[in-house]
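Below, each chain spelled out in residue letters.
There are 8 protein chains.
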Amino acid sequence: MSDKKPVVGILMGSDSDYDIMVESAKILKQFEIPFEMIVSSAHRTPERTLKYVRSARDRGIKILIAGAGAAAHLAGVVAAETMLPVIAVPIDATSMRGLDALLAMVQMPAGIPVATMAIGLAGSRNAGIFAARMLATADPELEKKLLQFKQDMAVGVVKKSDRVQEKMADDGLI
Amino acid sequence: MSDKKPVVGILMGSDSDYDIMVESAKILKQFEIPFEMIVSSAHRTPERTLKYVRSARDRGIKILIAGAGAAAHLAGVVAAETMLPVIAVPIDATSMRGLDALLAMVQMPAGIPVATMAIGLAGSRNAGIFAARMLATADPELEKKLLQFKQDMAVGVVKKSDRVQEKMADDGLI
Amino acid sequence: MSDKKPVVGILMGSDSDYDIMVESAKILKQFEIPFEMIVSSAHRTPERTLKYVRSARDRGIKILIAGAGAAAHLAGVVAAETMLPVIAVPIDATSMRGLDALLAMVQMPAGIPVATMAIGLAGSRNAGIFAARMLATADPELEKKLLQFKQDMAVGVVKKSDRVQEKMADDGLI
Amino acid sequence: MSDKKPVVGILMGSDSDYDIMVESAKILKQFEIPFEMIVSSAHRTPERTLKYVRSARDRGIKILIAGAGAAAHLAGVVAAETMLPVIAVPIDATSMRGLDALLAMVQMPAGIPVATMAIGLAGSRNAGIFAARMLATADPELEKKLLQFKQDMAVGVVKKSDRVQEKMADDGLI
Amino acid sequence: MSDKKPVVGILMGSDSDYDIMVESAKILKQFEIPFEMIVSSAHRTPERTLKYVRSARDRGIKILIAGAGAAAHLAGVVAAETMLPVIAVPIDATSMRGLDALLAMVQMPAGIPVATMAIGLAGSRNAGIFAARMLATADPELEKKLLQFKQDMAVGVVKKSDRVQEKMADDGLI
Amino acid sequence: MSDKKPVVGILMGSDSDYDIMVESAKILKQFEIPFEMIVSSAHRTPERTLKYVRSARDRGIKILIAGAGAAAHLAGVVAAETMLPVIAVPIDATSMRGLDALLAMVQMPAGIPVATMAIGLAGSRNAGIFAARMLATADPELEKKLLQFKQDMAVGVVKKSDRVQEKMADDGLI
Amino acid sequence: MSDKKPVVGILMGSDSDYDIMVESAKILKQFEIPFEMIVSSAHRTPERTLKYVRSARDRGIKILIAGAGAAAHLAGVVAAETMLPVIAVPIDATSMRGLDALLAMVQMPAGIPVATMAIGLAGSRNAGIFAARMLATADPELEKKLLQFKQDMAVGVVKKSDRVQEKMADDGLI
Amino acid sequence: MSDKKPVVGILMGSDSDYDIMVESAKILKQFEIPFEMIVSSAHRTPERTLKYVRSARDRGIKILIAGAGAAAHLAGVVAAETMLPVIAVPIDATSMRGLDALLAMVQMPAGIPVATMAIGLAGSRNAGIFAARMLATADPELEKKLLQFKQDMAVGVVKKSDRVQEKMADDGLI
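Protein chains in written order, with the numbering used here: chain S, 10 to 183; chain E, 10 to 183; chain B, 10 to 183; chain G, 10 to 183; chain L, 10 to 183; chain Z, 10 to 183; chain Y, 10 to 183; chain A, 10 to 183.
Next comes chain S alone, as it looks inside the complex (with noise of 0.2 Å):
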């Protein structure tokens, strides 16, 4: 991953979001897609987020993640400033569990999309499985890769149902 040029941008609004966020690095890793992932909140360094966005375009990068809580205003912001498909990941990060930063990305108005993803570890991995999937339709390797995947996942549910039945058996159900 390293010699290569990143190809998707993740940006989170705060360290305090790594652990949902390593989420989608670790997918777009495990489909060898080149990324980076750096801190930069809408409020806190407004410049900084502007900069990283206005170059991300141009220093190749073609998808960008933003992973934000409570009023989550970094995917928006983000998505104003480029034409680079933007994917946002709510973070769980108040007493509201997530739904202030799930509304505050996902209603958007019409002119500025943001696709939004489930709050925390199950948006942050989706996020970088949905990565992939717009870059696959121009890349039948990644493609390939990513229908393997699907087939990984579905051998692990037949496992996971092998697993009931001796849970079953543990409990004298069956």
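There may be inaccurate statements among the hints.
To be verified - Computed, partial: chain Y to chain Z, Cβ under 7 Å: (1) Q39; (2) K71; (3) P94; (4) V115; (5) Q116; (6) A119; (7) A124; (8) A127; (9) A131; (10) N135; (11) R142; (12) A145.
What the hints assert, rightly or not - Computed Cβ-Cβ distance ranges for the label pairs, DEER-style: (13) B:D67 to L:A178: 41 to 51 Å; (14) Y:K13 to A:K14: 38 to 48 Å; (15) L:K176 to B:R63: 51 to 61 Å; (16) S:K176 to B:R63: 28 to 38 Å; (17) B:R172 to Y:D180: 21 to 31 Å; (18) L:A147 to Z:Q174: 23 to 33 Å; (19) B:R66 to S:S64: 31 to 41 Å.
Rather than coming from a laboratory, the hints here were simulated on the basis of the structure. Every value quoted in this text rests on a predicted model; they were computed, and no experiment measured them. Built from N, CA and C at the ideal position, the CB exists for glycine as well.
Please build the complex by placing chains E, B, G, L, Z, Y and A on the supplied structure of chain S, with the hints as guidance.
For chains E, B, G, L, Z, Y and A alone, coordinates are given in the frame of chain S:
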């Protein structure tokens, strides 16, 4: 109002917010506080918004009011670009009935405060009154007007109570 | 549009969703992106849906947009049957005002991503724009159109601001 | 149970749902209703799910129970592929505390019913009891067991009330 | 229908619920399932409700459907007095838009299950269909009708899709 | 009613609440319980409110009913100034549909109870009935009227059920 | 308390509600109001509940308090069977955090009032205090105790404020 | 701070709110803004609260901050008794996770504004910063400190981003 330099700047994300945000303006006019009011969007015109906000203080603006609906980032984006106090008015513009705008405004992360008012008309009027209260801490004349305003409200309540007695009589209840 | 092979497929769960989903179509037409639009339900015509989705890629479709209300499974069911990126538009079709559709779309479990837009009209328009952004990463002409579209929006905001000045004059506020 | 053909099929979207869904199984075992329980996901293994559901009726299954969390499409997808009655158990698996699963299950559009139970453990137990009630309409022995079950619950309440009297005495309240 | 003993009993808390609950009745009539429908309130006529429920089974009723709004206790109260399966239809009758009725119905504690359908019209129709599905497990003729009903729905979706093509042509989109 | 000293005092925050709060008054009149009704706001006329509340007990008032919308502080403020029982009626006066008023009334901290009724009309009527129930514990005549009132409701339900039979016949369902 | 006939009856739906409902009991004991407390469920022991409620008035009970969680029907079912005033305490017993119990209690339809308190401990304490306020309207001694209770609370607040000064000193803030 | 007359008064409804409200105090201290902090309840000590608020202005207080949980009336009650600007901090003190306090504060009716911050810690810190912003409009030294504070935050974000790079290296992602 026209010949005095504005001290309050009102921003709204769309001209469809006018009917709500004009209530702030009416209150400011009633208190003879010079103001200006423009449409500028956090997402559709980020540069216009930044330019307006960055020049506001040096043009004599002391308070900013931002009204927006949906994923209402306007107030937060404004507050990130100025040291002036920013008042937010969430607007009911989607099927979420303003809950989206409320959470996107009030749940600002630590560091960048936004003073959020009620959703809609009441919030817009209160944004104007809150601006007046801020300015009144250094303006005894304005403070007197606020006291008179409060007294008038109290008188209004008594009149409304009289009207209720009449209605009760009409309804055969007394 | 008619003589080009569609690259975006729009699905809606019911023809009562037409008035919302046509906004995606209008945006795609505006950007000269060939598309097709059908009614197919996750629940009432599961086989029709699967058949459509499974053949989509080989017919040249690169992006799928799915709009649905209530327990809106359409986007998730579609995303489970293809490696193409799927955009979801939650529709306000019940007394829950689209919150049911939003959560049924955005809260997809890890593994099967769905890119969720805002509830209703804004979301449908943004689904079209997001599709355009995706395609623009490999299409400089389309990217230019998106930039023009953004500039037009910005000009529109300035015009709306002018109109607000007129309204304020009419209302005796300036 | 092992030597009788199962009449109830329990599906869960993930083996992490086992601790909830095993409560359905325990109830069925208690009422001596033969059942089977597998993991199958609407999204990760759509074909496995369809295959299971389509064969269920001919293998003698009369009732299906589906437990899932997040954007819980499992019950709806199952109900779309069979004429058998489908019971849904929403599971608290995200920061939305099961509200997402509840709405994704209960808000099914007209035509494809899903009988939704409470979120979590109570719902899982009730799914088992509801299955028993359905079967009991044609099985007087089972109906008797249900009446006994109800009587036992009533006795249990009286015992709990006695325990409360002891606690009150311990707390010096009586 | 009149000369057959009813097998489904429909209760509604108030005659203002008629327009919703009649949809259950229409479905049952369509499937030629004999039914009866009465108004009885959990709170205003508790004795009438108990008397009705307690006699239902011996009069040949196999399934009860209860529709109610607000703090909708009807289904739970009914389910506590019978071993018959009880289907609940939450009705949007207050400013809470049916969320109150939904939670008051679906969140039944362990021991007394209530099979909850969607809020309002869709839920009422589905209550009828779910009753038909239950009865069809022992009635191959009814099962055939359900399959036909499903096929008709599928055909209806295709027709709706055709209509959408016409609308698109009218709108100049194709 | 006019020549008897009122025993119930009804307060409302604004005369726009009259149409809701008059329902409490009608119930009290129906039960021949003398009452008075005024407009007084917790925020606009705090002194008027305190003065009214503090004098209420000595003028013979035994129960206070407070109806308010939005951030409905009236009932709590009243309950803090008297030892009389206070009944609260949350009113749907904002885009939050009365949820704001409900939570602002019902979630009173330990020490200062407020007896909250349903949002809106039903709550207002029930406030009157609850006042009657309180007074009836020391007034056998009033208790008889309440029993008659309950019986009349039950009769009304039976009549409504008859009307439903007629409607069913009209609709060709029986 | 033991040798006086109880005037308040406390019901709870399950002994797991004891830790919440004992707070009502402690308050009543503190005010020397004789009470009794039992477990009885609207659903698991409907007959026990009815029997208890119907006999309550003739045994001298003047007020009923009902605490329950989930689809909390207990208070409504009780209020339908007596003319006594019924106080409801919603309990946080599910993943819905008491919102289900709150709506199932407070949203009672017109005709059958239930006086709802806050969710959980605060609500349980306030149920006891509200009962005391009701009884105090006819009991000057009890009214004095309530006034003393209020004064003690006020003194407690001042003490807490002193403690806060100490904490501020400890934290180097003053 | 000790030898200067306080210009900000912080009120909290209970000493259990100290851990949240001390964050406002710390911010004020950091900006060398003299303040005082007391416990006073809208409900338990209404007179203490009124007395404090009414004397605040004449003692030199320019801004009031009120933190409270549950049915959080404190800020509204305070704002009704003074012309000073009042900032509200909703506190997560019940099972409603601060939503009750938020709505009870932010939804103030027109006429009596309350400037609401985020729920909990972030809101408390922002209350202090917002007070500083208000005072800075007339205090260039304070404005400079705010600018420095903002710059420090920005530097902090860059450092956090560096730390994220280290974590990524540790996790084998770069």
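Hints versus structure:
{"no.": "1", "hint": "Q39", "in the structure": "12 Å, violated"}
{"no.": "2", "hint": "K71", "in the structure": "5 Å, holds"}
{"no.": "3", "hint": "P94", "in the structure": "4 Å, holds"}
{"no.": "4", "hint": "V115", "in the structure": "6 Å, holds"}
{"no.": "5", "hint": "Q116", "in the structure": "5 Å, holds"}
{"no.": "6", "hint": "A119", "in the structure": "4 Å, holds"}
{"no.": "7", "hint": "A124", "in the structure": "3 Å, holds"}
{"no.": "8", "hint": "A127", "in the structure": "5 Å, holds"}
{"no.": "9", "hint": "A131", "in the structure": "4 Å, holds"}
{"no.": "10", "hint": "N135", "in the structure": "4 Å, holds"}
{"no.": "11", "hint": "R142", "in the structure": "4 Å, holds"}
{"no.": "12", "hint": "A145", "in the structure": "6 Å, holds"}
{"no.": "13", "hint": "B:D67 to L:A178: 41 to 51 Å", "in the structure": "26 Å, violated"}
{"no.": "14", "hint": "Y:K13 to A:K14: 38 to 48 Å", "in the structure": "57 Å, violated"}
{"no.": "15", "hint": "L:K176 to B:R63: 51 to 61 Å", "in the structure": "26 Å, violated"}
{"no.": "16", "hint": "S:K176 to B:R63: 28 to 38 Å", "in the structure": "35 Å, holds"}
{"no.": "17", "hint": "B:R172 to Y:D180: 21 to 31 Å", "in the structure": "54 Å, violated"}
{"no.": "18", "hint": "L:A147 to Z:Q174: 23 to 33 Å", "in the structure": "29 Å, holds"}
{"no.": "19", "hint": "B:R66 to S:S64: 31 to 41 Å", "in the structure": "34 Å, holds"}
The structure does not agree with the numbered hints 1, 13, 14, 15 and 17 stated previously, though it agrees with the rest.
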